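Participant: Assembly of the complex is requested from the two constituent chains, each provided in isolation within its own frame, with the hints serving as guidance.
In order, the protein sequence lines correspond to chains L and C.
The numbering used here numbers the first residue of the first sequence as 1 and each following residue consecutively.
The numbering used here numbers the first residue of the second sequence as 409 and each following residue consecutively.
Hint data in this document are derived by calculation from the structure and do not stem from the laboratory.
It is possible that part of the hints are untrue.
Residues of chain C clear of chain L, computed beta-carbon distances all greater than 10 Å [what the hints assert, rightly or not]:
| # | residue |
| --- | --- |
| 1 | L456 |
| 2 | P459 |
| 3 | K483 |
| 4 | P508 |
If you want a taste of the chain C side facing chain L, the calculated C-beta under 7 Å gives, among others [unchecked claim]:
| # | residue |
| --- | --- |
| 5 | G448 |
| 6 | F450 |
| 7 | V451 |
| 8 | D493 |
| 9 | D495 |
| 10 | P519 |
| 11 | M521 |
| 12 | T523 |
| 13 | A524 |
| 14 | G525 |
| 15 | V528 |
Taking CB as the label site, the calculated pair distances span [claimed, not checked]:
| # | chain 1 | residue 1 | chain 2 | residue 2 | range |
| --- | --- | --- | --- | --- | --- |
| 16 | C | Y479 | L | T246 | 29 to 39 Å |
| 17 | L | E4 | C | T496 | 28 to 38 Å |
| 18 | L | A373 | C | E484 | 33 to 43 Å |
| 19 | C | I440 | L | E294 | 52 to 62 Å |
| 20 | L | F406 | C | A420 | 47 to 57 Å |
| 21 | C | A420 | L | N319 | 49 to 59 Å |
| 22 | C | E427 | L | G175 | 52 to 62 Å |
| 23 | C | R468 | L | E294 | 53 to 63 Å |
| 24 | C | E498 | L | V312 | 29 to 39 Å |
| 25 | L | W303 | C | R466 | 47 to 57 Å |
| 26 | C | G452 | L | E70 | 29 to 39 Å |
| 27 | C | E427 | L | R242 | 52 to 62 Å |
| 28 | C | M425 | L | A373 | 48 to 58 Å |
Quantities reported herein were computed from a predicted structural model and do not represent experimental measurements.
Positions of the beta carbon are idealized from the N, C-alpha and C atoms, including for glycine.
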Amino acid sequence: MSVEDLLRREAPQVLSALTRRYGHFDLCEDAVQEALLAAATQWRSSVPDSPRGWLLTVASRRLTDRLRAESARLRREAAVASTDSLVAPPADEERPADHDDTLTLLFLCCHPTLSAPSQVALTLRAVGGLTTAEIARAFFVPEATMAQRISRAKQRLRGAGFTVPPGTEWAPRLGAVLHVLYLIFNEGYTTTSGPALHRPDLTREAIRLARGVHRMLPDDGEVAGLLALMLLNDARRAARVRPGGTLIPLEEQDRASWDREAIAEGVALVSSALTAAPLGPYQVQAAIAAVHAEAPTAQDTDWPQIVKLYEVLLRIAPNPMAALSHAVAVAMVDGPQAGLELLDRLDDASRAALGHRLDAVRGHLLDLAGDAAAARGAYLAAARGTTSVPEQRYLQARATRIAQEFPP
Amino acid sequence: MKYLLLIYNNPATYEAMPEGERNALFADVDRIMDELKNSGEFVGGQGLADPSQSKTVRVRDGVPAVTDGPYVEAKEQMGGYLIVDCDTVERAVEIAASWPDAKYFAMEVRPIMGTAGADV
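In isolation and in its complexed conformation, chain C is listed as follows (with noise of 0.2 Å):
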């Protein structure tokens, strides 16, 4: 079972941070990479840009208007994801629990969705 793993949390949290501690949270994060990478769970993920950089799009009437800013007006925002293929959603869980952005902020662990389809 595939699960996308959403990565919350707020940059400048981390701006704010001894440079001592942000690198011991990029060596944890490498170190989980390198894991995944190794059990043959990790299918994808990528960080996203500072969301200052995001723009939201929505469509009125057939008119596209675009504004600066995520569409959630929130401290906390996405900053990244991970797609992992896990047996069962508890290790999906676990791998969420060991991610640093889980100690200061959270994860979100959702299910995706699969094209098969068993007899109705």
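Isolated chain L (complex conformation) (with noise of 0.2 Å):
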């Protein structure tokens, strides 16, 4: 295991330890920060025999001499624990508490009070333990930027108790976790081109949490469910842009190329779900995945599966885009007629949320349906509204190809 792996690996467990020791969460992450940036450095040339002592009184030294700079009051706690705790445990003392602490920790981060962005950002320095430089790299913003960000997310979480949610809270704080996870998972997911070496792998840091997050929660089916659905979207990663940047649509990719033993595991595990527990968005998002992942090609793609499963998912979840995409499998089995009758039905709300993946969708269909100057529209509008070059461009050059093949 790389030095890196083994201090991402701890860093979570340290944080956690010191935060339940101490509380003052704020100023034991800074003080794990300085740790592991520490580590980094003096670890090259050997590891210590036990890695997370030493992580353990490296950060409890950081945090009392912060302790210490703060408030009177913060003064006399810190000689309290200076004088009762400061003695690290054994590193090998392997506390059954510890994976629990782990999650706890992905409930704070992850808390109501903060915004998406924040929960993102905190998520991946508290637990993933990236640096704030490579979390500020990860978004194309300035260190100071999101320094900023993550230290104000810190402030607010002032007084949020290091415990596990309650009954009736936990299902809802759990879908927050699980939501971040998925954040994370798409940010390098969609990710098609730029400065891809300076870009930790947000994609398989994402799988690593939420790895971590089925290993203490096996029974929970949307847990398995998101990262099913992770490993079944990963495993196509290679197949969906070209060299340069150009999107490929799922039905022109290379089959061959993409991860037969992500897909194998993520079948697996939404398998086994769907029949273990409860049903959930995650799972059923999986299964259509899975649909998918097991068609020899485009051709042999189930549709009428897939629609069945969208229908499903508009029960237990409805969302404009699982309207958008069964729509589009309902072409698929009954003609583009009826998906784009399907697309007249949407409300005013759904079209506002779609934006301009519904006028690509209706290019798409139109398309299929043979009205070449329509879909031109579509496609032109589509490429108008969205904020992504690389989806400019694919639907530019749909737009291009149509006013080719049927001249105006």
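Facilitator: Next comes the structure, spelled out in structure tokens:
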């Protein structure tokens, strides 16, 4: 295991132990980051025998320094802390609570008082062990901006308890954690170009964190569903973009380059979750991804099955994106006109939420229906509506191709 | 989502302004900049030199032609820009509305394109 991987694995354990013992999550988090940075340079020659003990000792020392620098009240608390418990436990002491603590940390970082971008940034730093500079590069903002965002998020969490949410709060809070992991995954997954060398692999990080949550909560169907969905999508990552950043639609992808191992793992995960746990939206989306992944060719896709799954998804978690995808699936079974009729029935709120995606799908269905002029207009409208460079190039290319095939 | 906030103004208007009013305007700018840096929304931004210092460059038949002055003939010119990273377009508009030039001239809010592409 590389020093970096070792540090990333230990980071949440050390932070949890420190926060549990001293409180002051914000100060503990700073102290752990400093200990990680110190380790990253000092461990290059040799890794200490007990990495966790080393990190705990260094972070505890940094924390006391910080606490001393704080107000008189905090100074008194530091005095208490330094006399009774500053001796770090040995690194091989595997407390059974360690694993639950990482989950507690995730619940805290994905606290409902924080905005989604703050939840994402804090999770990557406190649980993922990424540095502020790495997170800033990943989101294309200056380091000072990201540092301020993380610092504000931590300030907002002052007073929030370091505990697992009780009873009825559990499900929505876990939902927030899963949503944040999914956002991190998509941030990496949708990357098509840019300074990839400097961008930490957010996709891999999201999968690593989701694996961790799945290990802690093996019976939760939605956790398994999310992990399966990530694996099934990630399996296609290499096939979805041409060199230069041009997007390749699913039906034109080279299926031989899909990652069969990831697909097998994702399919196994979602299959067992679907039979063993209550149904949830991540499981259904993973099931849809599995149907695509298991089709040997695009023509072999079991579209009737996909239509049924989208109908389940719309029943348990209605949302405009699912309605749009459902219309595409229906078009594949009953023809483009049937899909277009479903689009016409979308309400105004859904239309507004879908924006250029609705135009893009309309263009696709009108193209299938043979209405070249209308398809071209819809593609161009979608191209003007998107803020994604690769999507815009793809949509403009579609519109141009139609113009060449069917000159006005 | 990142937005470019284009600041449009006419330098002559500010030149003709009483000094107190002009200083109040600069104080407003400082205050908003602090607010944006504290909130973690500030990505970048600069003021631009007077439009009279612009050069407009055109290449025709491979031959560059350089003229003094801005591309678009108008009294109001772009005087600077901000890049902000906001949760919503409403927030970007709110920032634009708080910028002093919006009171005298106008601010333009433009979404910035990204390199991420969802499945097609």
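Participant: Given D493 of chain C was flagged as interface, is its beta-carbon under 7 Å from a beta-carbon of chain L?
Facilitator: Check passed: Cβ of D493 of chain C comes within 6 Å of chain L, closer than 7 Å.
Participant: Hint M521 of chain C vs chain L: min CB-CB distance below 7 Å?
Facilitator: Cβ of M521 of chain C sits 5 Å from chain L, so the hint holds.
Participant: CB of Y479 of chain C to CB of T246 of chain L, is that within 29 to 39 Å?
Facilitator: Holds, since Y479 of chain C and T246 of chain L (Cβ atoms, about 31 Å apart) stay within the stated range.
Participant: Per the hint of 52 to 62 Å, is the separation of the Cβ atoms of I440 of chain C and E294 of chain L within bounds?
Facilitator: This hint holds: roughly 54 Å between Cβ atoms.
Participant: Tell me if A524 of chain C is really an interface residue toward chain L, meaning its C-beta lies closer than 7 Å to one of theirs.
Facilitator: 4 Å, holds
Participant: Per the CB criterion, is F450 of chain C less than 7 Å away from chain L?
Facilitator: With a closest approach of 6 Å, the F450 of chain C hint holds.
Participant: Can the suggested window of 33 to 43 Å be confirmed for the beta-carbon pair A373 of chain L and E484 of chain C?
Facilitator: Holds, since A373 of chain L and E484 of chain C (Cβ atoms, about 39 Å apart) stay within the stated range.
Participant: Honestly, do E427 of chain C and R242 of chain L meet the 52 to 62 Å range at C-beta?
Facilitator: 59 Å, holds
Participant: Can V451 of chain C be said to touch chain L, with a Cβ gap under 7 Å?
Facilitator: 5 Å, holds
Participant: In this structure, is the beta-carbon distance linking R468 of chain C and E294 of chain L contained in 53 to 63 Å?
Facilitator: 57 Å, holds
Participant: Hey, does the D495 of chain C contact hint survive, CB to chain L under 7 Å?
Facilitator: Given a least distance of 6 Å, the restraint on D495 of chain C holds.
Participant: Checking the smallest CB distance to chain L, is K483 of chain C really beyond 10 Å?
Facilitator: Check passes; 29 Å lies beyond 10 Å.
Hint check: no violations occur; every hint is consistent with the structure.
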